[in-house]
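Protein chains in written order, with this note's numbering: chain A, 1 to 324; chain B, 325 to 648; chain C, 649 to 1003; chain D, 1004 to 1358.
Quick caveat, the hints were computed from the structure, so don't treat them as lab data. Some clues are possibly wrong.
[To be verified] To give an idea of the chain B side of the interface with chain A (calculated C-beta under 7 Å), a few residues:
1) F372
2) A451
3) M462
4) H463
5) A597
6) F605
7) P611
Just so it is clear, CB atoms sit at the ideal spot from N, CA and C, and this is done for glycine as well.
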Amino acid sequence: MRTITCRQAVNEALREELARDSRIVMIGEDIGPYGGNFKVTEGLWREFGDARVLDTPISENGICGVGLGLAITGMRPIVEVMFSDFTANAMDQLVNQAAKIRYMSGGQVTPTMVVRTVIGGGRSSAAQHSQSLHAWFMHVPGFKIAIPSTPYDLKGLLKAAVRMDDPVMFFEHKMAYNMQGEVPDGEWLIDFGKADVKRAGDDVTVVATSLMVYRALAAAEKLESEGISVEVVDPRTLIPLDMDTIAASVRKTGRVVIVDEGHVTCGVGAEIAARIAYDCFDYLDAPIERVGTLDVPIPFSPPMENYVVPSEDDIVFAVKKAAR
Amino acid sequence: MRTITCRQAVNEALREELARDSRIVMIGEDIGPYGGNFKVTEGLWREFGDARVLDTPISENGICGVGLGLAITGMRPIVEVMFSDFTANAMDQLVNQAAKIRYMSGGQVTPTMVVRTVIGGGRSSAAQHSQSLHAWFMHVPGFKIAIPSTPYDLKGLLKAAVRMDDPVMFFEHKMAYNMQGEVPDGEWLIDFGKADVKRAGDDVTVVATSLMVYRALAAAEKLESEGISVEVVDPRTLIPLDMDTIAASVRKTGRVVIVDEGHVTCGVGAEIAARIAYDCFDYLDAPIERVGTLDVPIPFSPPMENYVVPSEDDIVFAVKKAAR
Amino acid sequence: MAVPDNKLQIEMLRKMMLIRAFEEKIKYLFTRGAMAGFSHLYDGQEAVAVGGCAALTRDDYITSTHRGHGHCIAKGGDVAKMMAEVLGRRTGYCKGKGGSMHIFDASLGILGANGIVAGGLPMGTGAGLKAKLTGSGQVTMCFFGDGTTNQGTFHESLNMAGLWRLPVVYVCENNGYGISVSQARHQAIRDVAVRAEGYGMVGAIADGNDVLDVYEKASAAVERARRGEGPTLLECKTYRYGGHHVGDPGTLYRSNEEVAAWRAKDPIPRMIAHVLDSGVMTRAEVDTLKAEVDAEIEAAAAYSLESPLPEPEEALDDLFIGFRATGREGRGARGGCAAGAGRAECGGAEGRPRA
Amino acid sequence: MAVPDNKLQIEMLRKMMLIRAFEEKIKYLFTRGAMAGFSHLYDGQEAVAVGGCAALTRDDYITSTHRGHGHCIAKGGDVAKMMAEVLGRRTGYCKGKGGSMHIFDASLGILGANGIVAGGLPMGTGAGLKAKLTGSGQVTMCFFGDGTTNQGTFHESLNMAGLWRLPVVYVCENNGYGISVSQARHQAIRDVAVRAEGYGMVGAIADGNDVLDVYEKASAAVERARRGEGPTLLECKTYRYGGHHVGDPGTLYRSNEEVAAWRAKDPIPRMIAHVLDSGVMTRAEVDTLKAEVDAEIEAAAAYSLESPLPEPEEALDDLFIGFRATGREGRGARGGCAAGAGRAECGGAEGRPRA
Ligand SMILES: Cc1ncc(C[n+]2csc(CCOP(=O)(O)OP(=O)(O)O)c2C)c(N)n1
Ligand SMILES: Cc1ncc(C[n+]2csc(CCOP(=O)(O)OP(=O)(O)O)c2C)c(N)n1
Ligand SMILES: [Mg+2]
Ligand SMILES: [Mg+2]
């Protein structure tokens, strides 16, 4: 098996799909000669040219809408929004247009597009370049949502997303781009709606997304040595959400910690906690712990940022609380 | 006691505050001679003129940002966004600027502004004019949030919001504007963070917001005759959220239904359910039911819209489920 | 210079009459309480949609607005399906899900009316990019009002179209108001067309109450677009007769004199005078045309009123492909989650009970 | 025509030198790993901020950008507090919460650098509306780049300013690129200033590498604004020497020749030549000035490096007035909710236990 980074995984998926289907067009800011703000699209413009990998003006709402126009007229666009923070500029075209156009038109058109964007703190990028805003898209129906963690999952889900006819929001984590993982040769696709048990355990279920999967696994290692056996479930997609796998784990452990880097209030943790508390009402042995970014804007200076964004220690702390 | 409508309550609050403090400036689309899309600002422009009640171009992001500029330079703007759906156009200035500016500046400036907007289905206004998007603002910290139901609460909270130095998102419901209620003469202010028990009961706690308070009260009447005693708690503000009052009720009843017109997933109900399930873990006798707008865009045609938006019957159904 | 042949002149007249009759019927039905929601009517502005769309082929695209009935009819939309949609019937264009503000006909390249001011412009620009990338030769025409030209998406769209020289014609129907706010109170310019220069595109102005003038200028713009010479911002000066929507008397912000002055420039009598004067039609032919149009609208109304309303549960379809959302019965924690796929029962007999 | 007196000329030179030295220090510290995050440097563009702000008084407002160090220094910002902020220290302007992209000095009317492209424009326009409504006589100057002029908020802001004739000067620092995308690849125009007409405002172009030219044109715009004659779009043609931020070599999308050609037009030697030629300063005085500037920057760096980092829990302050958010210890369901006020304990001895 090869070992590649998440950055390479995304890059490979994009390259392979561009080569496969000429209807795929990538648009976004600085994705061309520059290779993307996080160097994820490196080499693609050289290989495929302006007609397939197109730099845009700085107009997030406009480019998401241009993507939508491409999507409903027969193309299969992949739009990049450089930071998920900038989806705030594009909620009009994303949520009021793309998410609703199939429904409003009575199913006449399907906006076959993938919107890739980047979440996460940890790079001292401060309040406007560190947010993880995926819960906004979970709240308003219309997009399928992927939020993978490993190179394997990133590549398999991105390729699946590009081939899916429904619109997809695809969240990548800036601090995961350098993370490495084993991948087979050849091609694989991952179904949306299938969680992955990243580590089996008996005492506490940790549901973790994106970069938090790595932190949860590290915390699990640490806890193992303290005699607490942690199962780590990575939902991989949020819409649809694989409650089967999550609930099966909860039935086994009776104790749950949910770790998602979005803000806590009305976040992914709130939704999953509410569902588990409902579906597994008779199986819970302790209150469900939620770990997320504290409910303040994300500060610049590292000591404060590290405090606000969930750490391995925070997960350890929460698991111990749940295990008590 | 006088009886007035919610529309009059908001109008009175605005008029009184405009008269009280010359730093208050209202800006928004068609709030001037036209009196507002919902006729809520009627008469204000005639009384106070362009310098205080200013029609703007159709530029939601721009006008929210202009409001922010007024706010941090010594004015106390009240911005109207005609429908909460259009806050999608303004998330940049609202969430990335206004919600964070105090924090990012290390407390140097406070964006003293109130953003009034209108939520809710029920008027056959279809997918882009019927949403209740307040959970988005709950998710990302920075705004205090009011979502009152009655004329009394609307007036008291709006006046409090206008006098508060922190920024406030103020959600009014289009179908509540004609609702009537008793109000005293004179002036009253309502503290943020104080829920109101709109009806006392013993068997099931219904936490309801905005128009759903009326539906919950009607459902409670109906259920009373079937022998189920329902307590209706109206949080009135979502940030801060009065968990004391909610939890006290839950401790008493052990059974909970949360009714909020936003979409279910990652909505207000998710957050309140997750918190109750945590704080009141040992007191719950049944899973927490959530009632909200179904997770599809809001359809135009009345039979479908009425099905998608929560009704009195839906609340009755959920309460019976919780009471089983 | 594009001069429409006789057949096209008659067709343009017919379409303008059809729009007028459609809107009058809607007004009638609305006032009788036969319909829900609100409708923004196009009467007075017919020459813009009709003159603009006459310059297009069936394969071309349009994007429309909240005031969209006219565009849809002008592009060839079926008035029965339109009216059924406006009345919320299952037989409507969008199965009752869209209503007046969201009428769509993908088969005719009608990429939707839109409830969001300027909402269609980026989409139309994207359709233009598709045409350019694939060399399909299609042109997109985006309709929008004067008030819309202050929305950020207008700017972003026109900038990209100018930059990439997309085959898009941006048609501003300047009726002088955005709801109640007159142009003088929403922008510092009189001619929206002056903004074209800022996007490196051609700007033009047409008499929006003269269908021949609109047709001529739209045709020139469409030709430029097809030749790969890029987009045009075409401003058509016109007026809406009614209030902003049915229900707004439209009297709070404009004078009766102003309305009367514009009514005197009504595009339909003007076109009738033209076809009569130039001998394209006789008075009797005009009368017959009007009668046919009225009959078509009556038939559309009858069809719509007889059509069934949707069943409530139909609301659960059409979000995703092959997917039905969780319905009312799933209210509660399991409630109506689009994320429904893969939900698990967790209570019940099997499994470990609570300690 | 505004001609700066000798004192002001010297001050402008000093400020340009101070910006240059500041940016060089940041580059040095960054490269040594002494700072986190990323910084967008202003070297090469000094004449724009300095010429623009020289036309303002202390009471006037500015809004700035991600590339904001220059604007802050030009408006009178304290370089020690700035550098401490960039280094994430508690003694920084924003107590370390903002960093390079969010430096603020409310006391000097500096309404913040901004991490969102065009983020400051609506805010600055609002500050202009405040000045107009209160008759305060203040002028606002909004700085932004060429790439920013394609953002919707640019359009919405300038439209309102033109409409209401607000006392705002919009200063576009056209350095030819938005990150890697050259102007020719992001808009169809060469002169951003042509967009002014679409907003009914004056457009002007300055040599952005000539502080005297910028000063002259900015002064004219500020004077117009103060006289109530409305806003100006002032485009200053300039260039950034480095990459988009420290770390981007800036070589993937532009040639060495291009950089060299612009370096030959460096605004600082040009101003030095001017003050020498016109006898405003001697060579010795220039050298002394430079030495003073360098010393000031060294002192700022020393102060910053000696300043303490914030305690982690300080992150919980400054969201709302008099409020500390729930911290790490509250993680879990109670976790860090801004809504924290009024949270209740519900477990414990009292109350009814689960049935
Ligand atoms: C984003 C957004 N803001 C505001 C509205 C409310 N609204 C609907 S139509 C309209 C006026 C549009 O004016 P104009 O573009 O001139 O079109 P007209 O109605 O005159 O045809 C407004 C403000 C909306 N639908 N969407
Ligand atoms: C809304 C938004 N989109 C994209 C970015 C990423 N970004 C930061 S600076 C920049 C380029 C800005 O170009 P320009 O306005 O010319 O300013 P310059 O950097 O040249 O000074 C971009 C795209 C951002 N910060 N905000
Ligand atoms: Mg108009
Ligand atoms: Mg630039």
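Hints, verified against the model:
no.: 1; hint: F372; verdict: violated (31 Å)
no.: 2; hint: A451; verdict: holds (5 Å)
no.: 3; hint: M462; verdict: holds (5 Å)
no.: 4; hint: H463; verdict: holds (4 Å)
no.: 5; hint: A597; verdict: holds (4 Å)
no.: 6; hint: F605; verdict: holds (4 Å)
no.: 7; hint: P611; verdict: holds (4 Å)
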